[in-house]
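Line order of the protein sequences matches chains Z and E. If you use full-length UniProt numbering, the first sequence corresponds to residues 1 to 287, in order. If you use full-length UniProt numbering, the second sequence corresponds to residues 1 to 287, in order.
One thing to keep in mind: the hints can contain errors.
It does not matter which identical chain is meant; a pair holds if it fits inside one copy or across any two.
[Unchecked claim] Subject to a maximum C-alpha distance of 20 Å in a straight line, what follows is the list of computed EDC-like cross-link-like pairs (lysine to aspartate or glutamate):
| id | residue 1 | residue 2 |
| --- | --- | --- |
| 1 | K171 | D218 |
| 2 | K171 | E39 |
| 3 | K171 | E261 |
| 4 | K171 | D37 |
| 5 | K171 | D217 |
Keep in mind that the hints were calculated from the coordinates and are not lab data.
Number of protein chains: 2
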Amino acid sequence: MSGQHEGRLDHVWAAEPRFTARTPRVVAARRLHRRRDREATGRFLAEGPQAVREALTAAGGVHELFGTDDALRRHDELVAAAVAAGVPVSPVTGDGLAALTETVAPQGVVAVCAQRHVPLAAALAGAPRLVAVLAGIRDPGNAGTVLRTADAAGAGAVVFAGDAVDPYNGKCVRATAGSLFHLDVVRDGDPAAVVAALRGAGLTVLAATGYGDTDLDDLADDGGLTRPTAWLFGSEAHGLPPELAAAADARVRVPLHGRAESLNLAAAAAVCLYASARALRNREPRR
Amino acid sequence: MSGQHEGRLDHVWAAEPRFTARTPRVVAARRLHRRRDREATGRFLAEGPQAVREALTAAGGVHELFGTDDALRRHDELVAAAVAAGVPVSPVTGDGLAALTETVAPQGVVAVCAQRHVPLAAALAGAPRLVAVLAGIRDPGNAGTVLRTADAAGAGAVVFAGDAVDPYNGKCVRATAGSLFHLDVVRDGDPAAVVAALRGAGLTVLAATGYGDTDLDDLADDGGLTRPTAWLFGSEAHGLPPELAAAADARVRVPLHGRAESLNLAAAAAVCLYASARALRNREPRR
Chain Z
1 MSGQHEGRLD
11 HVWAAEPRFT
21 ARTPRVVAAR
31 RLHRRRDREA
41 TGRFLAEGPQ
51 AVREALTAAG
61 GVHELFGTDD
71 ALRRHDELVA
81 AAVAAGVPVS
91 PVTGDGLAAL
101 TETVAPQGVV
111 AVCAQRHVPL
121 AAALAGAPRL
131 VAVLAGIRDP
141 GNAGTVLRTA
151 DAAGAGAVVF
161 AGDAVDPYNG
171 KCVRATAGSL
181 FHLDVVRDGD
191 PAAVVAALRG
201 AGLTVLAATG
211 YGDTDLDDLA
221 DDGGLTRPTA
231 WLFGSEAHGL
241 PPELAAAADA
251 RVRVPLHGRA
261 ESLNLAAAAA
271 VCLYASARAL
281 RNREPRR
Chain E
1 MSGQHEGRLD
11 HVWAAEPRFT
21 ARTPRVVAAR
31 RLHRRRDREA
41 TGRFLAEGPQ
51 AVREALTAAG
61 GVHELFGTDD
71 ALRRHDELVA
81 AAVAAGVPVS
91 PVTGDGLAAL
101 TETVAPQGVV
111 AVCAQRHVPL
121 AAALAGAPRL
131 VAVLAGIRDP
141 GNAGTVLRTA
151 DAAGAGAVVF
161 AGDAVDPYNG
171 KCVRATAGSL
181 FHLDVVRDGD
191 PAAVVAALRG
201 AGLTVLAATG
211 YGDTDLDDLA
221 DDGGLTRPTA
231 WLFGSEAHGL
241 PPELAAAADA
251 RVRVPLHGRA
261 ESLNLAAAAA
271 VCLYASARAL
281 RNREPRR
């Protein structure tokens, strides 16, 4: 993953003073661990080389790249991308890095990124064939994992609806493994309005629920997954609110063949999204 | 979830002294949080009413049921099941419970369960149509989640192979959400021998790997999932060892439609196991 010309761009940053945990810009960036400060500034932190790389090529942009000497030398290609994008590169001490990261083994680089708020109407204008709606999902790891899976399944947008977690929460960002930067992330407070807008845009709206009256395999066999589709997923603890499930075109259950009482949210979402991906793919020539 | 006759069976336990964190039997049970003590005793802890319920009906058996007064009263049906199975019921104080549990909000009951070691040959004698092999998966949450998904997809056995996590690790047990008690759990140190035994029993062995040369959808379209199948899954950090992937009948990748670099382990396993479940189901009348 490291650049071929390790350290070639040292001159960009090596003469700068090293920022510490008390340097005002590090102190300010560190506050982005808190939702309140993320919302006030429209910024968030992406840590680790993979996320930083994606952030530097994404539409939203990056305000600043922090890294230890070692990491900046190792990831010369990130420094090059930052320079190309006009992003300041700031070397930090080990404790400066620790202040900016949440993981036990941070990989040396952190970017201050701009949140990119895509209104639902703008996301729908792109005519996505697959959309995932996270309705009130509070767990950041679950939300980020479903977003990552949605990206892999070819979704064009993920909607954080209702009382869902902040998509820019550090744990959520890490769980997306870079996918946060690949698709339209929409935040909308009112799940019922989201469903109405999705249907208005011509999408079939399917509620994923263990109590659904439609079996996923039957739906696939009957051709019910070949149209552009939005899947609604609820929290693992509370499921989908009944009125939201009722507003969907169908309530779909993943079949349980063994004696498990249920699937966890990430597994159920993977099965549903990939059932759609397969049905949508069968309508076009194989890549 | 509570019994219809809450507290009817108080007489079974109410006159007993309340065990505390210092009572020798609680001290001994608490040691089961450590792998070394689990292996030495062949016992493990299952916490929460759902897991305790499953444990009491499973083949392995339960050595003792601990619970707070409140929880034992609330879960009279568990007390009834324990009495029916000849399992001692021991009331514990709040700190006694805290010593036995690992979660922030324990739900009041913990069972000391017997590990049930099913040799691979015995599991294969049951002619399972679907088997999941966890090859060197170290993360207990991931391993437990895949086991739960395998149960839901109808697997008859899950094999913890190589340097995999202890299936009786507390976090793994909790992630299985009771499914640990539903299927044959096999532990086998040598993944290569596992693959040979699976193939010897007539199972098709498929290695799930992001670098596989066979596309999962193509395999399903070509009828490659209609025979009894064992899936090999490697750790998220290191994947499957190349020699193990090479020993499988095919190396299968879940197609990536978007820009995600990969799926996480639990999502990839869910997609693979459910592709098999659907193909196997299509060969028999719908339930």
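Numbers of unmet hints, in rising order:
1, 5
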